[in-house]
Amino acid sequence: MSFLIAPAIMVGIGLFFGIILAVSHRLLRVEEDPRIEATNGMLPGTNCGACGQPGCLPFAEKLVVGELEPSKCTVASADDIENIADYLQIDAGRQEKLVARLRCGGGKAQAHQIAEYHGFEGCRAAAVASGGGKGCSWGCLGLYDCEVACTFDAIRINSNGLPQVDIDKCTACPDCINACPRDLFEVVPLSQKLYVQCSIPLAGEAATSLCAVACDACGKCVVDASPGLIRMENTLPVIDYSTNAVATPEAVFRCATDSIKWIEGNQFQEQENLPIGGQKKYA
Amino acid sequence: MNPLRLFHKSFDHGVHPAHLKEQTCDLPMQRVPFVKEYLMPLGQNLGAPSKSIVQIGQRVRKGELIAEAAAFVSTTLHSPVTGTIKEIGDFRNFDGNFVPAIKIEADIYATQQSDAGNPIEWQSLSIDEFIQEVQNAGIVGMGGAAFPTHVKFAIPEGKKIRYLLINGAECEPYLTNDHRLMIERPEDLLMGAEIVRQKLGAEETVIGVEKNKPEAIAALRQHIKPGDPVRLVPLHVKYPQGAEKMIIKTIFNREVPAGQLPRDVEVNVNNVSTVVAIADYFERGRPLIERIVTVSGPGITYPANLIVPLGTPVRELLRFCGGLTDATQEVIMGGPMMGRPIATLDSPITKGSSGILAFTAAETSRRKEYPCISCGRCVEACPYFLNPARLARLSRARLFDEMVNYNVMDCVECGCCTFACPSAIPIVQLIRTGKDDLRTRKETPA
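Protein sequence lines, in the order shown, are assigned to chains S and F. Numbering-wise (this note's numbering), the first sequence opens with residue 1 and increments by one. Numbering-wise (this note's numbering), the second sequence opens with residue 284 and increments by one.
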């Protein structure tokens with residue numbers, strides 16, 4: 001009968017721990033609010049981080065305890081947000097549509113090249129290897145880092161070498177902001193139509209010699225806009241968006257270099273027939 | 284002697300690129316004529332950039348202080364020519380970025396002769412005074428990294444230096460500047476080594492020279508007197524022998540642990556050019572205002588080893604060497620393994636530029652890239668015992684945080700992995716991209 005001892009011991013141990021588990025499951029159970037699971041199910045589940053939370057589940061927890069409003073989620077559609085608000089019996093809140101905008105307008109046709117980059121495609125790789133060949137060392141490199149990083153497939157590098165952000169797909173998550181080695185993306189409300197599309201810290205001819213659409217810090221937009229809306233900070237105009245309501249397209253009319261823009265809809269359009277002579281190459 | 288030493292040829296791993304030094308190794312060093320304008324970037328060294336102390340329009344003499352050290356890990360700058368300060372502002376550096384720099388217009392009527400500087404009585408200096416003097420001389424590691432040399436000499440309490448190691452490996456292909464220096468100025472090299480050895484209290488000076496420089500070894504051997512505490516060690520040729528941790532492993536068979544410095548294994552490593560610069564300062568009172576640059580490669584009409592005042596535009600050096608050939612596609616600053624392409628020919632020679640190489644399509648063309656076949660050649664090549672294939676894969680997947688777990692920060696970007704890869708994967712470029720992302724990481728906006 002000795003061959004039964006070993007199985008008997010194993011069964012005994014199994015029963016012993018099984019009972020402990022069963023008892024502790026009853027006694028130490030943590031009641032989780034079932035609404036968290038349900039809310040999480042209603043969220044898009046992309047874990048993009050646009051709401052400022054690490055993912056969708058932490059966001060759902062914050063929603064249930066009432067710390068955040070459902071409209072903080074920029075990915076979910078208006079209907080989804082309405083459903084969540086109804087389910088949790090809370091106010092949906094209001095949030096403006098946010099989109100990613102690029103502080104650079106110098107594509108292949110506008111920015112001057114000083115060298116050709118032949119390494120593998122990637123903005124950061126190019127930026128590390130001698131700045132990627134563009135004369136302006138602050139501008140967009142156009143080598144697909146943001147396109148690759150975008151979770152929502154909202155960015156396409158257009159034929160001009162600039163990232164075209166699809167405002168319908170863009171959810172204002174920070175993917176492109178983190179990917180850009182030149183730190184050019186920022187998330188702004190779609191209602192802000194006046195936008196400075198350059199980040200060059202040079203003024204006058206020093207700036208325009210590098211790029212045809214560089215801001216030369218002439219200050220005409222500051223004069224033309226309603227008082228207090230635009231101010232010059234170092235060599236770039238800074239728009240005070242708290243007074244956004246008074247912004248009008250007049251401010252951009254006299255811009256000699258097209259570096260301040262009145263943007264309706266998408267920032268960049270696909271351009272046909274680019275001027276071939278646009279690229280000036282130094283000897 | 285450890286019997287295992289018989290089988291120990293050099294450090295483990297590494298690669299064997301072609302030497303390609305024939306073009307310039309027999310050419311004596313030449314001085315380049317003075318040019319009109321010199322550009323001195325303030326951040327020529329690793330660490331904090333120097334602080335300018337001159338005004339526009341001020342006259343400066345050759346060797347005069349124009350920028351002082353901003354911190355301990357920073358160094359001084361001296362005017363390479365007699366002339367006038369023309370501009371202080373942002374100029375494009377070789378890496379394409381605009382950096383603060385001082386532009387000096389050379390005085391065309393000046394003789395450009397160095398003032399007969401006073402030798403410094405180094406025997407009586409204390410170690411702190413010696414470190415201060417080295418910082419005043421603006422001396423940095425001239426192998427390429429440009430790390431301020433005086434910082435290396437500051438040995439913390441309780442640590443001791445037993446060996447002073449003079450690094451004459453020059454493992455990068457094409458470059459022959461250290462080679463020529465060892466042939467033409469062995470007395471200065473040994474003098475500088477003696478000054479440093481005495482000041483650090485080291486027992487012995489060890490000079491490591493790769494065996495592909497027999498003339499340099501012969502020249503040094505001739506000048507080492509019997510009884511001197513100097514040992515000359517010919518080294519088996521391998522890349523990257525010039526990395527300090529590798530040359531220590533080769534000569535002393537000791538590994539410097541990750542995250543530690545050579546001083547933790549009682550060694551201080553200095554490049555030959557650095558040691559000659561120290562001799563120049565203490566024997567002749569001349570601060571670091573010029574360096575030796577190899578101008579070579581298939582794109583150069585007349586390759587040469589040049590003695591160049593700092594701040595000379597690369598364009599002028601190329602002009603002196605007969606210009607670029609039509610086939611030239613890329614100009615590189617540094618060696619072919621670790622050098623960077625230069626964004627503009629107007630960028631100046633700095634303290635860390637050891638070579639200017641011009642390459643044609645044959646050298647710069649990229650092979651077609653194939654998927655990784657997990658052959659492990661990069662792992663076998665990596666002298667730091669990392670897993671380059673894994674790091675490259677993580678970098679491509681943008682999992683930069685994960686790369687830290689694979690010790691990406693120990694990588695020195697020597698390029699052995701890319702060199703060894705049969706699938707032509709740009710491994711070191713991918714790793715460098717990941718390191719750059721980790722360094723410049725910004726907080727995610729909430």
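These are computed hints drawn from the structure, not numbers from a lab. Remember, predicted model here, so these are calculated numbers, not experimental data. Just so you know, even glycine gets a beta-carbon here, dropped at the ideal spot from N, CA and C. Please note that the accuracy of each hint is not assured.
Which chain S residues face chain F? A few, computed with CB under 10 Å, are given here [said to hold, decoys possible]:
#, residue
1, Ile36
2, Tyr117
3, Arg124
4, Ala127
5, Ala129
6, Ser130
7, Gly135
8, Val148
9, Phe152
10, Pro201
11, Gly204
12, Glu205
13, Thr208
*asked:* A closest beta-carbon separation below 10 Å is what the hint needs, so does Gly135/S meet it against chain F?
replied: holds (9 Å)
_Hint check: 10 Å Cβ-Cβ cutoff, Phe152/S to chain F_ = Phe152/S check fails; min Cβ-Cβ to chain F is 16 Å, beyond 10 Å.
*asked:* Hint validation: Gly204/S versus chain F, beta carbon distance must be below 10 Å. Holds or violated?
replied: At about 13 Å, which exceeds the 10 Å cut-off, the nearest Cβ of chain F leaves the hint on Gly204/S violated.
*asked:* Given a cut of 10 Å on the nearest C-beta pair, is the interface hint for Ser130/S held or broken against chain F?
replied: holds (4 Å)
*With a cut-off of 10 Å on the beta carbons, see whether Arg124/S makes it to chain F.*
It holds, given that the least Cβ distance between Arg124/S and chain F is near 5 Å, below 10 Å.
*Ala127/S as chain F interface residue, shortest Cβ-Cβ below 10 Å*: Result: holds, 7 Å to nearest chain F Cβ.
*Given Ala129/S as an interface hint, is the shortest Cβ-Cβ distance to chain F below 10 Å?*
OK, holds: Ala129/S within 10 Å of chain F, min 6 Å.
*Given Glu205/S was flagged as interface, is its beta-carbon under 10 Å from a beta-carbon of chain F?*
violated (14 Å)
*Hey, does the Pro201/S contact hint survive, CB to chain F under 10 Å?*
holds (8 Å)
*Is the shortest C-beta separation between Ile36/S and chain F less than 10 Å?*
violated (22 Å)
*Does the nearest C-beta of chain F fall within a distance shorter than 10 Å of the C-beta of Tyr117/S?*
holds (9 Å)
*Cut-off 10 Å, beta-carbon criterion: hint that Thr208/S touches chain F*: violated (15 Å)
Of the numbered hints listed earlier, those contradicted by the structure are 1, 9, 11, 12, 13.
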